[in-house]
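Residues 1 to 336 in the working numbering are what the sequence shown spells out, letter by letter.
For the record, the hints were derived by calculation from the structure and aren't laboratory data. Just so you know, even glycine gets a beta-carbon here, dropped at the ideal spot from N, CA and C. Keep in mind that the hints are not guaranteed to be accurate.
[Stated by the list, open to error] With a straight-line cut-off of 30 Å between C-alpha atoms, the simulated DSBU-like cross-links for lysine-lysine are:
1. K168 - K228
2. K329 - K234
3. K235 - K336
4. K160 - K78
5. K336 - K228
6. K228 - K199
7. K199 - K329
8. K199 - K147
[Said to hold, decoys possible] If you anchor each label on the Cβ, the simulated ranges turn out as follows:
9. E90 - R319: 21 to 29 Å
10. P100 - R28: 51 to 59 Å
11. K235 - Q296: 26 to 34 Å
12. R8 - D97: 19 to 27 Å
13. G137 - M276: 35 to 43 Å
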Amino acid sequence: MNIEAVARRANVSTATVSRVINRPELVRASTAAAVLEVIRELNFYPNRNARALGTGRSSMFGLIISDITNPFFPELVKAFETIAVEHGQEVLVANTDYNPVRMEHCLSRMLERKVDGVAIMTSEMDEALIGPFGKRGIPLVFLDGGKPALGVNTINVDYKTGIGQAMKHLRTLNHRRIGFISGPLRLISARKRLDAFMKGMAVDKPRMKETWIEEGDHRIEGGKIAMKRMLTSKKLPTAVMASNDLTAIGAIDEIHEQGLRVPEDISVIGFDDIHMSAFTHPALTTIRLPRTEIAQIAFQALFESYDGHQIEPRPGRNRVIEPVLVVRKSTGPPKK
1 MNIEAVARRA NVSTATVSRV INRPELVRAS TAAAVLEVIR ELNFYPNRNA
51 RALGTGRSSM FGLIISDITN PFFPELVKAF ETIAVEHGQE VLVANTDYNP
101 VRMEHCLSRM LERKVDGVAI MTSEMDEALI GPFGKRGIPL VFLDGGKPAL
151 GVNTINVDYK TGIGQAMKHL RTLNHRRIGF ISGPLRLISA RKRLDAFMKG
201 MAVDKPRMKE TWIEEGDHRI EGGKIAMKRM LTSKKLPTAV MASNDLTAIG
251 AIDEIHEQGL RVPEDISVIG FDDIHMSAFT HPALTTIRLP RTEIAQIAFQ
301 ALFESYDGHQ IEPRPGRNRV IEPVLVVRKS TGPPKK
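Sequences and hints are given; from them, build the entire structure.
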């Protein structure tokens, strides 16, 4: 089945069928209705690649994430895809696995598929790689990276506020020995979270006795390994903050394996508030990063680059996301 068959059945030209599919506002309503009826009768599905060649648009956005196995990202993808479908867009998802080489491959795929815009929701980004997108006028939106520019929007997380809330919670419980398990420090987002923690500790320095810092990998196993290293100290922290929930879950598992209790011996706080964090044992106190809000902002930033039918890069701007502390059962006062 092809466009010529639709045109013959509807008794119109192929150009009219094309306009009904791509620019229906240019066609008389009665004619468009007749053509659409034939399209339904014949079960005709327009070739998106051909459509992209004809219109310069693919009606597809790219979405690049770090780790599809981390529940934070599928929740983000779901929210992004939901709003995309509502606006007649498709989504091409690519996963970097925190690997800069794969990041380059992901960006190449986006160019090959002629996406109308790309949401880069990962921070292992070499900004030199985005040059071809600017030359083609393809809008971009970054999470925790890049700077606003023509066709480039950014979303930044207010880590200072989120981690500050968590530290205030621990101070209220009277914790003075606090550890932190970071993500891979080659990542901008991991460095930002660690920096927010260190600044919070510096502000409260007169009350704080010791600090433990270990580098993890944003995964459960990495959280276990980092926590195991931390537990070799002569003095142990009474509370540990983790750069994401998977790391915190790994830390809790290691604490239990060492015969200690959460929160009676060591309190643990995560970051992200993935769905499963409410069902860990004990339920995880964490800093909620709103995936739906991030997805909506990212999509809207790309979608606003349309004037209806053509991509029109606009001056970019920065949006700030404020995390919120969610207190559950993994935090409590230190042992006396």
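| query | Where does the structure disagree with the numbered hints, that is, which hint numbers, in rising order? | reply | Hints 11, 12 are the ones this structure does not satisfy, whereas the remaining hints hold.
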